[in-house]
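**Q** Using the sequences and the accompanying hints, generate a full structural model.
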Amino acid sequence: MRNSRLKLLVQRKMLPPGPDLIASFSAQHHHQDQSPLFTQIPPEIRNTIFLYALLIYEDLSTIYPDDTHYSRPGYRHALRIDPQLLRTCRLVYLEPRLLPLDAVDEHVFWCHRAPPGIKFAGEAAKYLARFTEEQKDRIERMHFFIQQYYLEGTFPRMCMLPDMRPRSMKITLRHGDWWSWESNEPLILEDRWSNGLGTT
Numbered sequence: 001m002r003n004s005r006l007k008l009l010v011q012r013k014m015l016p017p018g019p020d021l022i023a024s025f026s027a028q029h030h031h032q033d034q035s036p037l038f039t040q041i042p043p044e045i046r047n048t049i050f051l052y053a054l055l056i057y058e059d060l061s062t063i064y065p066d067d068t069h070y071s072r073p074g075y076r077h078a079l080r081i082d083p084q085l086l087r088t089c090r091l092v093y094l095e096p097r098l099l100p101l102d103a104v105d106e107h108v109f110w111c112h113r114a115p116p117g118i119k120f121a122g123e124a125a126k127y128l129a130r131f132t133e134e135q136k137d138r139i140e141r142m143h144f145f146i147q148q149y150y151l152e153g154t155f156p157r158m159c160m161l162p163d164m165r166p167r168s169m170k171i172t173l174r175h176g177d178w179w180s181w182e183s184n185e186p187l188i189l190e191d192r193w194s195n196g197l198g199t200t
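In my numbering, the protein residues as written are 1 to 200.
Treat the hints as calculated values from the structure; they're not laboratory data.
Note that the Cβ used here is the ideal one computed from N, Cα and C, for glycine as well.
Hints should not be assumed to be uniformly reliable.
[To be verified] Straight-line distance between alpha carbons at most 20 Å, and here's what the computed PhoX-like set of lysine-lysine pairs gives:
#1 K170 / K136
#2 K136 / K126
#3 K119 / K136
[Unchecked claim] Label pairs and their in silico Cβ distance ranges:
#4 L189 / L37: 50 to 60 Å
#5 H112 / P36: 25 to 35 Å
#6 Y57 / R90: 24 to 34 Å
#7 R46 / L189: 42 to 52 Å
#8 T172 / I56: 16 to 26 Å
**A** Written out as structure tokens, the structure is:
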């Protein structure tokens, strides 16, 4: 009984806020008339402040070793966003709630051989399940570091999920991700994996 309750709580935690929650925030929030942030600073400047507070940054305390599969040019450190600002009050949540998505250049997935500590590394479906529909519509780019067996197997089915709707997608196969790369054979990629992707 206890385990099933815990499982239910975990599942609930995974659900994104629904449109009714956003609507209730819009209808019932304190207008913050006493706050200079909302009464004296114009929205354009306020949003710039919010954007700087919510920018993605490299966590320099985590350095990926050069001899790992996941250490790549431009991917030497873990990336972080600090969303604590969005928790301060409903009005602060409502105004910049989509800025973190706009600030992220690309949503990166590591389909095997991921850096340590990456949540949902190769699980785009679980990652996207935490977003509202409004947030999913704001995702511009996705980047997949992918092994060839995953590209030719699971990846096409994942791309057909309804939540997968980025405007652009980048796929990177590192040298060690190809079939038979260890034996120095020619690297071959057939296009069967991409059949049907144009119809999604």
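**Q** Which numbered hints are broken by the structure, listed smallest first?
**A** 5
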